[in-house]
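Given the coordinates of chain A, assemble chains B, C, D and E with the ligands onto it according to the supplied hints.
Residue numbers (this note's numbering), protein chains in the order written: chain A, 56 to 384; chain B, 78 to 322; chain C, 56 to 346; chain D, 3 to 250; chain E, 187 to 544.
Any given hint could be a false lead.
Claimed, not checked - Here are some chain C residues pointing at chain E (derived, C-beta under 7 Å):
no.	residue
1	T69
2	A171
3	E172
4	S193
5	Q195
6	L267
7	Q316
No wet-lab data here; the hints were simulated from the structure.
All values reported here derive from a predicted model rather than from experimental measurement.
We treat Cβ as the ideally placed atom computed from N, Cα and C, and that holds for glycine.
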Amino acid sequence: MSRSLLLKALGLVVIAALIFVPLTLNRYGIYIMSLWAIMTIAAMGLNLTLGYAGQVSLAQGAFVGLGAYTVAIMMTAGFGFWLPLVLAIIITFAVGWLLGYPALRVQHHYLAFVTLAFSTLVFLVFRNEEWLTKGIYGIMGFKRPSAFGVSFQKPIEFYYFTLGALALASAFMAWLVRSPWGRAFVALRENPIRALSLGVDTRRYTLMAFAIGSAMGGFAGALYAPLVEFIDPTPFTLALSLNLLMMVIVGGSGFFFGPFLGAAIGVLLPEWLRFAHGWYLIIYALFVMLLLIKTPTGILGIVENMIAARKTRAASAARAAASAGLDKA
Amino acid sequence: MTQPVLSVRDIVAGYGEMTILNGTTFDVMPGTITTVIGPNGAGKSTVFKTIFGMLKARTGSIHFKGTDITNAPPRKLLALGLCYVPQGRNIFPELNVLSNLELGGIAASADVNIPQRIEAVLERFPVLRRKGQQQAGTLSGGEQKLLEIARSLLLDPQLMLIDEPSIGLSPMMVQEVFSIIKELRAKGVSVLMIEQNARSALEISDDGLVLELGRTRMQDRAQTLLNDPRVGQLFLGGVIEEKSA
Amino acid sequence: MMNFINLLMAGLATGAIYALVAIGFTLLWQTSQTINFAQGEFVMVPAFFVLAALNVGMPLPLALLVGLALSMLVLGVLFKRLLVDPMLRHGVLPLAICTMALSIFLKETVKEVYSAEASPFPSFLPGGNLNLLGATISIQSISIFVFAICAVVALQTFLTKTSTGRQMQATAQNPYVAKLLGVPVERMIMYTFLINAALVALASFLISPVYLAKFSAGETLGLAAFIAAIVGGFNQIRGAIVGGLLLGVIDNLAAAYISTQYRGAVPLFLLIAVILFRPQGLMGRAEERTV
Amino acid sequence: MTRTLLEVQGIRKTFGGITAVDGVSFEVREGEILGIIGPNGCGKSTLFNCILGQLPPTEGKVLLDGDDVTGLRPSEMNRRGVSRTFQLLQVFPQLSVRENLILAGQEHKGTMVTRLFGPRDAGLTPDANQIIEFFRLGHLADEKAGGLSYGQQKLLDAAMAFMAGPRMVLLDEPAGGVNLTMLGHLEERLRAMNTERGATFVVIEHNMDFVMRLCTRVVVLAEGKKIAEGTPAEVRANQAVIDAYLGH
Amino acid sequence: NNAPIKIINVGELSGPGATVGTNFKNSADLAVAEINAKGGILGRKIEIVHLDTQSNPGVARALVQKAIDENPYAIMGPGYSGSVKVSAPLAAQAGIAQVMGGEAAELTQLGFGTLFRTSFGQQSSMPKIAKYIADNLKAKNVAVIWVNNDFGKGGRDMVTKELTARGVKIAADISTEAGQADFAADVVKAKNANPDAIFIYLNEEESARALRELKRQGVTVPLVGETTLIGQKVIELAGDAANGARGHIGLTVDAPNDNLKAYGKKFQEKYNYIPDHNGIKGYLGVYMIKAATEKMGKVDQKGLPDALKGLTILAAQEPGILMDLTIDKNGDLDRDSFLAFVENGKQIVKETLPKMSK
Ligand SMILES: Nc1ncnc2c1ncn2[C@@H]1O[C@H](COP(=O)(O)OP(=O)(O)OP(=O)(O)O)[C@@H](O)[C@H]1O
Ligand SMILES: Nc1ncnc2c1ncn2[C@@H]1O[C@H](COP(=O)(O)OP(=O)(O)OP(=O)(O)O)[C@@H](O)[C@H]1O
Ligand SMILES: [Mg+2]
Ligand SMILES: [Mg+2]
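Next up, chain A with everything else stripped away, as it sits in the complex:
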């Protein structure tokens, strides 16, 4: 099919751009690109929990924080990078699993509330438990990792490192949502009661959706710490969770590539708007509002609607033809 060929070509161009364009950027540009890759991973996790499985979570930012703190604390304690990374993923997976339990009892806005409270609590723990987190002063003094003799110290090196991580996370995600699990997650979102009566173990899938989504957040956080090389509580407030939520929705919730676009808008767009000085956030907010008014189902939602509309037109024409045929019969 020519469309799929076109898509493949487009994909290759994008991948090539992600690899080569940063070579032309200054350090700051590279930093922003790295941040984009990391936020995409975090948003991808939320997209699983929210977009696919329909479980509203306002705690994804907290999981990014948990991942970042795990890595920062362990690295300053001298554990290298890889063990803390694995541990960050395990911890956020486990905590995400636990956070899934309330979701078995309450839904929608109540769930939003529970996750919001969790997010608040996590922030306060980061800030108040100085013995562990150094409190408001934050943790410094850990370095970016190296692997197989390759150091990821320089910005561009670290960028490729995060890009690799993004590729890995995307591959995992693609595989997951295209497996029967992906369908079960959607079933959870669409009609949990019917799903249950079809043998879908909604409890386990709900917990899984939370745990895997959170672990993706933790993974993102584990990369965020060495990117910034300093961790303090302020980035991990509710604002980050809301920002990630925005990325998911604006990109197109429940679409695989939604988080990529959403994170581009959430991370890159404000930077491009910096020329507007004090007005840049105003312009940014206006842009997001206009975008959502034009594409309420997210950017990819609109693309899909367009494709669906074309299919529907064909079906509609067929129905009209059949209907006209009836008169002659």
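Below, chains B, C, D and E with the ligands alone, put in the same frame as chain A:
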């Protein structure tokens, strides 16, 4: 010749890009019961939604007693004496049964004595009186349908649109509803009804209408349709010989 | 005891404001499934309308009226027409995100156009203190409380006793069915937006003398309204009141008797206990049957 | 005498002060088609919900193959080969008709882990297509289920119940809103599955013609209690049943 | 070479620190405009660019990186100590002077060599306050009410250390949230501890709210604080509840000093509100850069940090510096400060506390 109370002409309507009705045309005569039958997905419910202004007609016209009501809002139609009981569940599930009934009269003009009418309906459907304080969403499927039908009787319609009233009703309740419909006709009210329970429905009807693929396939006296072997075979589950799997 | 009364009164006054804002929040949710993340900013903005009016030399009562009118226009009519209407059919979250962007927009605009500084805001309520059982209670607190409760009672009466109010409630319950029954759903939704605008304006006029008029003043308030609405069951005006008052009081008591460091989370967790115990919220009804 | 597949013992269900099901007992034998009839609100759907674990019964027991399965979750019941349909429409609106059906079957293939590594459709596309054809939904296979008409959704709901090749299916008013021709078709299908595969059915239905033609035995409920049980002919002639349910 | 001298200010222009950052930015703009109007530095105009950290240290670090990529003459900001701490290594690596607003004690102890304050650090102000509480007020028990961010926490840690060292007990340690509106609970807690004095370390608006609540609950013990407790802004917001509050102030527009008053007036004319101490920091910062450059006699990016170190700037020669000022080798400032009271809605300076190094 009498004027039709409702006349639907060349209606084209649908959902988004999908056109479901491809020029539907039919009439309903005053003081008659007209039953619409047709396969699932023919567009029967879509016609009703379009008549009642819940769906936009792209082209075509709908006239009620000579007035053009194409794409008029439900509020206006209710005021003119149209009434509509849709398919599926259309109640306020969180309110109790009595409040649901009261809200049924919300658009009635001030001179209508709604409490009195509610009393009359409750007389007719004692189940609803018994469950008056129960949250409507917890009623059984059939009871919810009854509530909806009861609610529509609060206003004085001159034309009732009823979409498959018999779904979920016990045989006794179906008889009850059909006899109410007959009483309405006796009072001069016209009824346009969709029924899959087509034999019983056609038996009490004056006219019948077969809809297929969004078009009026046949319109005739109900009795004629009932006896038409083609109708029986295609739509009434008559003597069909399917190649069994 | 004296301290307790002090805390209780302060909590009730703050809680009454939360309740006002939460009611508006609940109304918007009911009629149009709008989760307004800019609700806090909606409380912040009217104060600046008034300040602007005062700056051009209007007397306070007139300025308040102008503030109210502008709020109804901007936060009621324009908000609905420009943002909510185009998105209404597309589910809860896109609109919620849109209001998040709106909250950034309002905050930043006020900051750029007015200033990042807090400004004092004149009170139209009496000041001073009252002695009650040995505790000094601010008259302002009491009048805020009384004012807010009166507004709520008036609203409740309107909703239950008038035909328009009942039509609004029908819309809130199920717009599709309401439309079937002949309710002019669009107009009812517009009314709720106007009522919400009036409520936030009132909250703004009551609270700004205490909170000060500042571009960021809405941040905590919006969140509090959201929480109060949820605790109250999200679809119950009574619930929103109880949720608001509860949140205000618990927040104060928790800060005084449990932990100031964890002040932000303790009330939330107490309220979560409420929700897990009664998943439908404090005053909400049991979920309808689904099968 | 065939063996008992499902045994319902003294199920009672109350909601607050309302008793919806009041001590109902009956058994379902392997390979039969049991009808359950009764006036509106007599507790039929509630009984189904109690049997399948959707609601916890206030009292009573449910035995499947002699095992006590009271209070098991619906998914567990389903995995033991009992599937159901719903009275009110219950489909997955955003999924296509085919996806709805694949979903209905996938949880019966392998375990959660093997499904993760298996093919995307869990190998169910052919089965799904076959069922789609049977229910005459072929032209709608790739449509979103939410856009189907009432009767079509009803059929899809029934189709989903058959996807996993269940031993027993509980159908809650399958005929409501379904075109008569299609209904005849459905009836044949049920009968064929019953005779060829020995599948067992319990059917709630108000369409008496359908019940009388199809069912081997009928249980009648009224006000939460069982008032009669027997062959269709016996039940139809029973005065209590006529008074409570059938009318004249 | 007549190209403008480029200064990049990385500040908290949105988010919780917006008030801090905006004051800093506005005053820096004011100073730049003044200097440019008088012909610039060594005949070259200054061009200042502002970048918004959104009050987030991660972003701050990235923006300082961005600033360095653009090779500015000097960097100003950020104002949050955490943001300063993460970004300072980058500036140090590039050898570019960073004139910032953070007050945390440790910043200048980390040995970056390119980091300069624009105000007293907490390590200079807190000892003076602790001394006042212990010696002048003779307080034995003190309640500390502080805002739980890096500003408040730093001050609280420092004052606690200094007070304990002087044998004063911390009777209540009360953390509050930035932006908190309701101080009823906190005041109850402070009151219950029966302190001889209350030390209040909050941002201006919260200070005003706390003062009002303290008055309402009838607290009469001395209320001691820093600039953020008794500044004009607080007095304006708190009304007569501010009366009796006292504290140590580095620089305020109300100080008995003509240069300061002139600055305050110019600022108000331009921006229509009273600047707080963050404003003074931004203003001073620009003039510090100017003075150091003129001392070098050339615009030398790499030489600037060294020129700043050990520099003493006299207000008589450079009125923009507001008061005589010495920068030490760590980048800390030394100059006179004041002890002031609020009386009848006015800040009254009771005592001038001399430079420490004198
Ligand atoms: N909301 C909708 N969105 C998209 N398509 C729809 C929608 N509702 C109905 N359709 C399509 O319109 C067609 C006609 O639907 P309609 O509900 O009018 O059928 P019907 O004749 O009432 O069938 P039934 O007897 O099953 O109720 C169907 O093919 C259905 O797929
Ligand atoms: N959640 C609930 N709360 C209160 N009452 C309930 C609830 N669910 C069901 N009921 C009541 O239980 C009774 C039985 O309901 P059920 O749905 O089982 O009836 P049914 O036999 O299926 O009727 P129908 O033929 O109309 O579908 C009804 O009177 C209903 O009002
Ligand atoms: Mg229909
Ligand atoms: Mg039922």
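Going down the list of hints, with the structure as the test:
Hint status for T69(C) relative to chain E: holds, with the closest Cβ pair at about 5 Å, below 7 Å. The criterion of a C-beta within 7 Å of any C-beta in chain E is met by A171(C), whose closest approach is roughly 4 Å, and the hint holds. Restraint check, E172(C) versus chain E: the minimum CB separation of about 5 Å is within 7 Å; hint holds. Evaluation of the S193(C) hint against chain E yields a held restraint, the C-beta minimum of about 6 Å falling below 7 Å.
With a cut of 7 Å, the hint placing Q195(C) at the interface with chain E is violated, because the nearest CB-to-CB distance is about 9 Å. Restraint check, L267(C) versus chain E: the minimum CB separation of about 6 Å is within 7 Å; hint holds. Look at Q316(C): its Cβ gets to within about 5 Å of chain E, closer than 7 Å, so that hint holds up.
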